[in-house]
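There are 6 protein chains.
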Amino acid sequence: MVPYLKEAGKAIFQDRYVTKANELLVPWDGKHASSIGLIGVPLSKSSISHSGAAFAPQAIRQALSFYTTYSIETGIDLADIAITDYGDIVMHPTDIAKSQKRIAETVGQVVALHPESLWITLGGDHSITCPVVSGWQKQKGKIGIIQFDAHHDLRNLEDGGPTNGTPFRRLIETGVIDGSQLVQIGLRDFANSRAYTEYGKQRGVTMYTIEEVYRLGIETIIEESMKTLADVTAVYVSVDMDVLDQAFAPGCPAIGPGGMDSRTLLHAISLLARDDKVQAIDIVEIDPTIDFRQMTSRLAAWVILQFLKEKSGRQPD
Amino acid sequence: MVPYLKEAGKAIFQDRYVTKANELLVPWDGKHASSIGLIGVPLSKSSISHSGAAFAPQAIRQALSFYTTYSIETGIDLADIAITDYGDIVMHPTDIAKSQKRIAETVGQVVALHPESLWITLGGDHSITCPVVSGWQKQKGKIGIIQFDAHHDLRNLEDGGPTNGTPFRRLIETGVIDGSQLVQIGLRDFANSRAYTEYGKQRGVTMYTIEEVYRLGIETIIEESMKTLADVTAVYVSVDMDVLDQAFAPGCPAIGPGGMDSRTLLHAISLLARDDKVQAIDIVEIDPTIDFRQMTSRLAAWVILQFLKEKSGRQPD
Amino acid sequence: MVPYLKEAGKAIFQDRYVTKANELLVPWDGKHASSIGLIGVPLSKSSISHSGAAFAPQAIRQALSFYTTYSIETGIDLADIAITDYGDIVMHPTDIAKSQKRIAETVGQVVALHPESLWITLGGDHSITCPVVSGWQKQKGKIGIIQFDAHHDLRNLEDGGPTNGTPFRRLIETGVIDGSQLVQIGLRDFANSRAYTEYGKQRGVTMYTIEEVYRLGIETIIEESMKTLADVTAVYVSVDMDVLDQAFAPGCPAIGPGGMDSRTLLHAISLLARDDKVQAIDIVEIDPTIDFRQMTSRLAAWVILQFLKEKSGRQPD
Amino acid sequence: MVPYLKEAGKAIFQDRYVTKANELLVPWDGKHASSIGLIGVPLSKSSISHSGAAFAPQAIRQALSFYTTYSIETGIDLADIAITDYGDIVMHPTDIAKSQKRIAETVGQVVALHPESLWITLGGDHSITCPVVSGWQKQKGKIGIIQFDAHHDLRNLEDGGPTNGTPFRRLIETGVIDGSQLVQIGLRDFANSRAYTEYGKQRGVTMYTIEEVYRLGIETIIEESMKTLADVTAVYVSVDMDVLDQAFAPGCPAIGPGGMDSRTLLHAISLLARDDKVQAIDIVEIDPTIDFRQMTSRLAAWVILQFLKEKSGRQPD
Amino acid sequence: MVPYLKEAGKAIFQDRYVTKANELLVPWDGKHASSIGLIGVPLSKSSISHSGAAFAPQAIRQALSFYTTYSIETGIDLADIAITDYGDIVMHPTDIAKSQKRIAETVGQVVALHPESLWITLGGDHSITCPVVSGWQKQKGKIGIIQFDAHHDLRNLEDGGPTNGTPFRRLIETGVIDGSQLVQIGLRDFANSRAYTEYGKQRGVTMYTIEEVYRLGIETIIEESMKTLADVTAVYVSVDMDVLDQAFAPGCPAIGPGGMDSRTLLHAISLLARDDKVQAIDIVEIDPTIDFRQMTSRLAAWVILQFLKEKSGRQPD
Amino acid sequence: MVPYLKEAGKAIFQDRYVTKANELLVPWDGKHASSIGLIGVPLSKSSISHSGAAFAPQAIRQALSFYTTYSIETGIDLADIAITDYGDIVMHPTDIAKSQKRIAETVGQVVALHPESLWITLGGDHSITCPVVSGWQKQKGKIGIIQFDAHHDLRNLEDGGPTNGTPFRRLIETGVIDGSQLVQIGLRDFANSRAYTEYGKQRGVTMYTIEEVYRLGIETIIEESMKTLADVTAVYVSVDMDVLDQAFAPGCPAIGPGGMDSRTLLHAISLLARDDKVQAIDIVEIDPTIDFRQMTSRLAAWVILQFLKEKSGRQPD
Ligand SMILES: [Ca+2]
Ligand SMILES: [Ca+2]
Ligand SMILES: [Ca+2]
Ligand SMILES: [Ca+2]
Ligand SMILES: [Ca+2]
Ligand SMILES: [Ca+2]
Ligand SMILES: [Ca+2]
Ligand SMILES: [Ca+2]
Ligand SMILES: [Ca+2]
Ligand SMILES: [Ca+2]
Ligand SMILES: [Ca+2]
Ligand SMILES: [Ca+2]
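For the record, the sequence lines run as chains A, B, C, D, E and F. When you line the first sequence up against full-length UniProt numbering, it's residues 1 to 317, in that order. When you line the second sequence up against full-length UniProt numbering, it's residues 1 to 317, in that order. When you line the third sequence up against full-length UniProt numbering, it's residues 1 to 317, in that order. When you line the fourth sequence up against full-length UniProt numbering, it's residues 1 to 317, in that order. When you line the fifth sequence up against full-length UniProt numbering, it's residues 1 to 317, in that order. When you line the sixth sequence up against full-length UniProt numbering, it's residues 1 to 317, in that order.
Hints are not guaranteed to be accurate.
Beta-carbon label-pair distances, calculated as ranges [claimed, not checked]:
| # | chain 1 | residue 1 | chain 2 | residue 2 | range |
| --- | --- | --- | --- | --- | --- |
| 1 | E | ILE12 | C | GLY9 | 45 to 51 Å |
| 2 | E | LYS31 | A | PHE13 | 55 to 61 Å |
| 3 | F | GLN62 | B | GLN62 | 45 to 51 Å |
| 4 | A | THR174 | F | THR220 | 34 to 40 Å |
| 5 | D | LYS31 | F | GLU198 | 55 to 61 Å |
| 6 | D | ASP178 | A | ASP276 | 54 to 60 Å |
| 7 | D | GLU158 | E | ALA82 | 48 to 54 Å |
The calculated lysine-lysine pairs, modelled on DSSO-like cross-linking and capped at a C-alpha distance of 27 Å, are [what the hints assert, rightly or not]:
| # | chain 1 | residue 1 | chain 2 | residue 2 |
| --- | --- | --- | --- | --- |
| 8 | C | LYS140 | C | LYS31 |
| 9 | F | LYS140 | C | LYS6 |
| 10 | C | LYS6 | F | LYS31 |
| 11 | B | LYS20 | A | LYS98 |
| 12 | F | LYS227 | F | LYS140 |
| 13 | D | LYS31 | D | LYS101 |
| 14 | B | LYS101 | A | LYS6 |
Quick caveat, the hints were computed from the structure, so don't treat them as lab data. If you're wondering where the values come from, they're calculated on a predicted model, not measured in any experiment. The C-beta atom is built at its ideal place from N, Cα and C for all residues, glycine as well.
Could you put together the complete structure from these sequences and hints?
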């Protein structure tokens, strides 16, 4: 009736032959769900340093709108996939412990509803991985975790509580995983301390430094990592974007030089996604308030698309 | 069922006793409408200089979320008002004339549906005022326009077509209004040219410079302006935010010193809104991509609220 | 021995006839103290919206270095004053309640050591005023508070806990003050809700809106305010910088138009400081990470200097 | 007479042994021309998304001033070359079709005057390549185009008219080239749609994805590309800077990860420039208003210098 | 012949009825000169703190292009005036004393060529006023200086040499003026030191603080100032933009609150320009690299236009 | 006594098992010194173009706080090392030659006190390397210099005096070194002029371009460089950060594409540090005022840590 009116904010150019990646997101109606779920966890008050990572779920969703669903490299078009967008979990303004409890409960609830789904979680800072995995693991049995990170995140909990420096320590110490179920890739000089490296080794954590990534190649490392986790039933991939060099991910709170380049990370995601055991992924530690042109959220959008591209099966062009 | 999940982007703190101004916006369902309509016109390719004013409708809607509905000065709470948000008009990527035609048609269509509504239009650059008024006027008979602006916007159309420097020239030359139906407030030195001042005078346009605003006081000027427009049936207020000093509206493309302060503008809006003849308002020339902390959009949100505060009637506290 | 070496960061130009205001700060040695104490409270995780106000204590101290100790208007030179800088209170990374408890205890401890001192507290967000006043009040008996703010900060505590929207509610409800001991100056439209205005009135809070400030004049309001607090033994001044118009204090999280100008605020501080009952001041809600050229911290430095200028007595030039 | 006065803006340090690259630019006097011509096309209103690429011609010219004329790698000094700077084409403020017609006509006119010149065109968005090539081709017969781009730019023209997504579609459909005369290098995942890839294939366009660039090597691809274009008489190189990874070209509107690095692009330009058939180049899709420190314009300056270095012949040092 | 080509950077929209203020600038040809001269002095290495004021001459010239030549307040159109732009003085990269010597010599030379001209000098930091006045005064006899500034700029020269804190001290101590020939307007608290206030008083400098500006009104102060300088033959006006409040001149190195608003400054310039004795003006201490949207340079453009508006005589509209 | 109070600015989270790299810095007490000395040289007024490199010493010290002392790649923990921080050298505000003289004298004095120390110097622009080396060399005999730089820095001194374009020319011409004692690595196209390349060759300077770095590999080049300097007694490494590609070091004044990546530079530093002859290093040409998120200072911090990691000996993990 009023042909040129569109809902507020939606009056943008539409090319009839192009599907934007954000169009894959379908808000959850409380009942139906596709085989891929996405959930936002806007928590960053738990960070040791000042962080606006709570803004990342929206920034990443928006960054999906900058890209299409079509992979020219493989001929795969994701246009027919639906991602059920479960929305965001409401955080408590002043009680961080309560916020983390809400995360574990909420993830537990939605995963229980659709245990077969693939899960994409958008942080938030890395502290969220502890409650997210705790909630998710309940439906999964023995799980493995592959963590891309410059840092161990195995800090003691006495000094600062459940910060973004502690998620994997808490997962180990609360018994959700054993150290041997954790593989860390991309660890970097001057980003860790000897005490935590030793803690990890004692607990049986598998560690690959960034120099090992360059020396062995990411393909070898992913292959070894999946062998290390041979006896788990499901693998969770946790992507702390600060595993990347600051030139490629300028929007992480803890940026630095000497990190991974983005092609290597994207290739690693691709390799992991090909394995059916890999059933969940999170992307954390992007602070859109300090990023440049949302570059780091754009890369996060690619991580999601790369993950889905492999999951959707390879069809010849 | 999943208590802490909210729709994507909506998981923000809610105080049960506070209504945010953006909560007044109700997307139009194509059928029902309240007595206040809002429409976004994201056009700025028509600007003489580079402008991102097309982003302003969304920026202003978002700025409403920074404020509440309650006026402590008057005791009025707008919480029970609904603003029907008709959304945005879709622009053509490469045909500006077609975009302007769409604006006139679309505004004409929605105003025809609800001719008694108050209309709030969010530009876009000032070029939109010509088609918006053209569409709106069709339901109104003889109208008056009160324009807050540092500039006449009476440029010739031969040199550059229907730019943001021409809307009032076009309204006069297409016969939508006669020059005597136009009042310009806040005109500034070094922002105009003699030829256009003379054109306006020849056409009977009423003009108040910024020095006159300070010398006579805004109350006198508003009173005189409404007297000048005594014989019209409806008044349209067009607020080019560059009428303000650059210290108060840093996000307009054509900023400069020596302009109005924001209290004066807000007071003027308040005075105008008290008059039942004043039935439409637009806010134009905000470029959110160059603003500082969306200050200028925040002020636009206040212009809307100030307008509605008076329209909603004054109740004792 | 090595004449041109200075301690790291201190090798800056020194004019022998100029004292910079930051030179007044003398780190506390745990024993001796001057009659003026300054303490930093770097807490902003308690804010409802994202805030870096935790960086303000350092930003304000640094801003002092941009100014000298000499008031040409009065002839007063603060060069001989010493401000004992007690340093900053250590916050807990993930336990906001614990941080607030530390604030109350620490302020209680230092004020107990030097109860006769004037106290300058640098926030942090406004949530800190509750524990700071609680600690300070213990040595003072019946106190009054004069709050410069666009907002009441009288929100309920159920919805979000002790946020920056609640400090005065908590002070009232924990019995530190009665509502009649609180004066709020600069309250603004669209920044509050009717429920909290009514709550304040019921509790006997004295309120001045910004329109009243302009209508009555700041001198009258300060005079009336001190009369309202005639029966208290000590007055605490709490300066939420968002009482100012966004043009003058662009670095507050909750900026908006229609606020106070900086001369009016500085004059108010001056008037208050002349009264011996006024014995403490805080400055809150400056987020240096979003400010422009630390303008808002510069203004905070002036608030401090204006306060001290009057306290140090007026000597003829 | 007044020895230390220089023309406004020119009073900068001059080292007698250094020639800056911008000194090669000689404004066209309407008569004489060197064998290298440069022309600016400040059009970006034709872009699908908001773009300030119209500012790029000046930004790139200025970026030349950051570099010298001497190549230490080859011993070549461009100091004796003159580039005739034909200036910029005047765009129409509100009629994009007219602007594009002016481009085709103006390029046609200057190329007709000096058909043997090498032509360097500075966009502007990619829409300009259609009229620029149309004008240039008139003097050239059967031409080939090598396009560096993440995108096909083969969109349909019905949905949005001649945007920056359509230049090569229009060149094909207006018969200026056949699809087989077009080679696209650097195409990327999530930047295109299947429909346009298929359209290109049907039309015989040669396509190299970024993975192919890394797998085959840029030398192989350039060699193959020139073989593909073996039967054309002249080759036009079109460089959309978004072929680069966002880390290397942060100032393009459509940035993303997974792109080419700048050394590879510069090497490709060098290889192409060695071939006498390559007689024209354009650089498009740089928006200086969103770039970081004009990095992308700096890289554009290097593209020009790299092109000229090879064209000027290699002399031993 | 090629109708739509314009010189590089000049292809901008032209309205046949509008003259932009920058069009008044006519580069000096070494022979002819109008009655108004403009000269740029890009020196800021002499600043005590880091300053990019050397970029201001170009920024201010460019800011003139944002404004027209027509004053709607007075009916005066400057379109027929020519400003001879003498260009900029070349600074020495590492010898600041030599740069200052060049300034004095160069200004002396051009003023000697056209001693009757009005002179507009664009700094640079305030250190330039000493050599500029020294050069200019040679043709003038006994001069007066009216300085708008938050600061005295009467620092001792031993501690740091001829910095931007010393120009008026040097003018006094080198005998170019006596202290009684200097009037300072807008001096501010916490921006000076007692020693220099006393020095100024001993030397007979006339001083007006910002509070006096507000208390007495700028008209009274200008009138008194010109009376103070009754026996000089020519008056030089030196405008340090930091006399303004930081809200109005955010681009000065030494910003602060409590300063003049821009309307007051512009009015003062207007009042001064009406006096034939006022024959030269400089504008200093704008650092375009830290300004917001060149606001401070825009204001500088207005200072120039306001000055010329009065000098050009008032014609009825 | 007051447990949660910390010195101003020091109230930050402390993990008991983590040592931050900035904790290694121990301010010099004028008597005792460790075997590693660090000194800041905040001079950048000597730069040809506008530079804030004077802020780099503090920015780099602060960047150390972003990193820990532990190298997970080697198992080395620097936690037991002390770096004696000699502070910064006081520059003269207006006499650059005097500043450079102070640098030579001061470095000479401290090196004479502790001639066996390793020296880390933080510029400042590259002009400082001349006086720093001059001072340091006095205790060393025949020295070698390995310079990482896109530029020769062999400009003539007549045109601009001792700028950042001249340090190595001055070292050669004042006889501190012979050209054969200088190795330049990373020289780049369009960053130099033929005259200075020829000057360097005539003087026997060893030169490696960036293409040679990529062709030969950094290991070969470092090996060859140390052989070239076989007969010196001590080697000074000068790191101009603009040797890096602009994507990796965005904060240098003279950024450009086609440069070294940061891993290569860090590897080179590592290789050099293993040689006992390498006894001093400087890091220059970082302007923190134009950097993005202090990326370039972060990289400088890594250069220091990489240098110390090797110097501290390799212990098995
Ligand atoms: Ca992590
Ligand atoms: Ca990490
Ligand atoms: Ca307008
Ligand atoms: Ca306007
Ligand atoms: Ca508050
Ligand atoms: Ca507030
Ligand atoms: Ca393209
Ligand atoms: Ca593209
Ligand atoms: Ca001054
Ligand atoms: Ca000053
Ligand atoms: Ca260098
Ligand atoms: Ca260099």
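Is LYS20/B within 27 Å of LYS98/A, Cα to Cα? holds (25 Å)
Is 55 to 61 Å right for how far apart the beta carbons of LYS31/D and GLU198/F are? 37 Å Cβ-Cβ, so the 55 to 61 Å window is violated.
State, for the Cβ atoms of ASP178/D and ASP276/A, whether the hinted interval 54 to 60 Å holds or is violated. Roughly 46 Å apart at Cβ, these two residues miss the hinted range, so it is violated.
Is LYS227/F within 27 Å of LYS140/F, Cα to Cα? Holds. LYS227/F to LYS140/F sits at ~19 Å (cutoff 27 Å).
Taking 45 to 51 Å as the hint, is the beta-carbon distance of GLN62/F and GLN62/B inside that range? Given range 45 to 51 Å: violated, Cβ gap about 35 Å.
Given the hint that LYS140/C pairs with LYS31/C, does the C-alpha gap stay at or below 27 Å? holds (22 Å)
Starting from the range 45 to 51 Å, see whether the pair ILE12/E and GLY9/C falls in it by beta-carbon distance. holds (46 Å)
Pair hint LYS6/C and LYS31/F, alpha-carbon separation not exceeding 27 Å: Holds, at about 15 Å.
Hint consistency between LYS101/B and LYS6/A [alpha-carbon to alpha-carbon, up to 27 Å]: holds (16 Å)
Just to be careful, I want the Cα atoms of LYS31/D and LYS101/D compared with a cutoff of 27 Å; is the pair within it? Status holds; Cα separation ~24 Å.
Indicate whether the distance between the beta carbons of GLU158/D and ALA82/E respects the range 48 to 54 Å. holds (53 Å)
May I ask you to test the hint 34 to 40 Å on the CB atoms belonging to THR174/A and THR220/F? Given a distance of about 51 Å, which is not inside 34 to 40 Å, the answer is violated.
Violated hints, in rising order: 3, 4, 5 and 6; the structure is consistent with all others.
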